[in-house]
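There are 2 protein chains.
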Amino acid sequence: MKATIITIGDEILIGQIVDTNSAFIAKSLDSIGVEINEMISISDSKEHILNTFAQLQNTVDLVVITGGLGPTKDDITKKTFCDYFQDELVVDQKVLAHVTQLIEGFYKRTITQINKDQALVPSKCTVLHNQVGTAPGMWVKKENTVFISLPGVPYEMKYLVENEIIPKVVREYQRPYIIHKTILTYGQGESLVAERIETWENNLPPFIKLAYLPSAGSVRLRLSARGTDKQVLEKELEQNIKSLDAIIHDIIVGFDQEETLEVVVGKLLTQHGKTLSTAESCTGGKIAQVLTAAAGASSYFKGSVVSYATAAKIDVLGISEALIAEHSVVSAAVAADMALSIRKMMKTDYAIATTGNAGPSKGETTADVGTVFIALATPNSVLVEEFNFGQPREKVIDRAVIKSLEMLQKEILKNVV
Amino acid sequence: MKATIITIGDEILIGQIVDTNSAFIAKSLDSIGVEINEMISISDSKEHILNTFAQLQNTVDLVVITGGLGPTKDDITKKTFCDYFQDELVVDQKVLAHVTQLIEGFYKRTITQINKDQALVPSKCTVLHNQVGTAPGMWVKKENTVFISLPGVPYEMKYLVENEIIPKVVREYQRPYIIHKTILTYGQGESLVAERIETWENNLPPFIKLAYLPSAGSVRLRLSARGTDKQVLEKELEQNIKSLDAIIHDIIVGFDQEETLEVVVGKLLTQHGKTLSTAESCTGGKIAQVLTAAAGASSYFKGSVVSYATAAKIDVLGISEALIAEHSVVSAAVAADMALSIRKMMKTDYAIATTGNAGPSKGETTADVGTVFIALATPNSVLVEEFNFGQPREKVIDRAVIKSLEMLQKEILKNVV
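Those sequence lines, one after another, are chains A and B. Quick note on numbering: the first sequence equals residues 25 to 441 in this note's numbering. Quick note on numbering: the second sequence equals residues 25 to 441 in this note's numbering.
One chain only, chain A, in its complex shape:
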């Protein structure tokens, strides 16, 4: 079973916004064994949309379209659906009642004609009810291809994918199994890992594909097995991962399938009943932000002091001026003291501190651009490491966040195993 994902919107083609919808839809469909053939972003042009539909007709089973469903003139997906399916727009009473309730009941505004027009849908479509917004989703089958239209607002799109599309596809279609397993390695580059596992890789069965996903300091190896017999896939994956583990056991740090490092660390802390706080300078609160983006962070994350200015390190964290004068604000000594201080202030088991110069210019410090000190305070120790993450700024910040979480992860695992 194959699908193509289309995103409609000039704002994507001029690079004004990044399309995050396609990845969410792809992940959701992939999880139920639907293969994504292509993702395409096209303009708000009727001709362009019609041409793309015609090209995909009967070449894939599903075409999932986001965008172009709003109430304004530049949103033309609905009219284009009518053209393509030789259909006309009719009022869907259930949608109209929902839109009226949302506008008049929740937003306390008088409903306008443009609002009411949100309830117009092509007569041949199955309406996918959007409980979290005004634009309904639409499902229309033509010959061997189903065309599904979804609003472009991410949480509305997500609601419809999770509550309408996935259940409907699962009910109505036979699909193969796709199983992904990810092996997280740490400490060696992509090329080195590739050389070490070359023979193993060449011996993988044809239904298992390997991909390398490098990121700061680590390489994720993703095995994807596809087939009709789930047990065979699982057995083959298990055996191959076992033999892989025998070859690169020294650099494997985890077998979590899809989880980000912050989720893995959050789970570890929760499982072991440990708490965390952070004192962040060059990372500017990003460690706190990525941890608290996931629900449940309150069980282990107590808080952070983002001491961006030197004065904040002195006034809020209580770092001594003499220490800063002696070692400079970007130093191992200050990082360690920040970690110890925040751990005490927030009364946590662990504390992470960062101080560095993310660039592009030297700013208040004398440290080289890209230099970052990361400190990890534990109940009985404080560990400081120095890094140079180079440039640009975003890379320095992101690597510092990842490296901090890795240091914490290693520390927790060391004490547990």
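All the given hints hold, so there is nothing to weed out.
The list treats identical chains as interchangeable, and a pair is accepted whether it falls inside one copy or across any two copies.
Keeping only pairs whose Cα atoms sit at most 25 Å apart, straight-line, the calculated SDA-like set for lysine to any residue is: (1) Lys26 x Leu80; (2) Lys291 x Leu237; (3) Lys298 x Ser385; (4) Lys266 x Arg246; (5) Lys419 x Gly129; (6) Lys51 x Thr76; (7) Lys51 x Pro416; (8) Lys132 x Gln212; (9) Lys419 x Gly157; (10) Lys205 x Ser239; (11) Lys182 x Ser67; (12) Lys140 x Ile271; (13) Lys427 x Ala319; (14) Lys26 x Gln79; (15) Lys233 x Phe77; (16) Lys103 x Glu214; (17) Lys182 x Met25.
Honestly, the hints are just simulated from the structure, not real lab data.
With chain A held as given, fit chain B onto it using these hints.
Using the frame of chain A, we list chain B on its own:
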């Protein structure tokens, strides 16, 4: 002049990573008058890549490809280039010297064969030198279409776009002018704005396109003018924006072209020599993080206390237990006290505080899921507003961040004008 952007990688098609490269490339090309026709993401399959190249041959001027340039087996773009252009790989000595220097000089590792193979390039290509990584970019012209291959690592891709591709396209191609103007409105929904400006919109000249870009609380109107006479475009845009301003002056808050709210607020603070600190509960440090993601934040941003746990509000911010007991932790009183306290601790002109329940469950609080109090402390006042941002969690956090920055922006502008 038209371009298509292709992203190669199974990890994109299964939704494991979001493609941010295409938006960057699109924005860069758009800024020099190159129109992006489509963005396409396809799998690491030679057949799929060759078919896509053949379809685009002579239909667009540029095809920009990212991904598939790494040193491992799943990276096949280079070999596929040789197939498509009937070419062979040869060693580029300049690239080899650079890779050797990077691996042996900077990373202090012994160079491997896989590393050396990074210097193999199709003989017909113009090499685009990648100063920040090991994989070179490649530029090959076939008939009327140039195919450009770039590494998928974002900062390497960015380096090559900015330093190699844009200058080369500017030198070698005639292009029309594209001018975008963005008008930021605040306080009315997309449908209402559309109704108010309908007549104006219908009278726009055919070479000016209008797009609505709604986000939390605000609607960005984007006018895009395209043509060969820059003066005519600028004059028409100016006149139309003037007449638009006459119609919806009450809701227009800015005319910044591309800037995000955090950049606008950062500039305002810098211009007026004012400083800011934040005390964040439900936003978990995200206000600090978005502000410090941009270079130059240190001139106005002093720091933040992320008081995620109630204990951190008491111990670090010094909020009284009695106040929390009386009003609950999610309350106007606590938000106001947090703002006043952090302003004092960080010695800043302004301070923002957030407390709320981002959901999905009630957690430590009794407040409804989605409820957020935002407080803004100024040198002589404290303003608190209550919101309900609904669900999901990510929407609550993002809206609270935007709303906080909007409150601050309004306050600064009020005192200045």
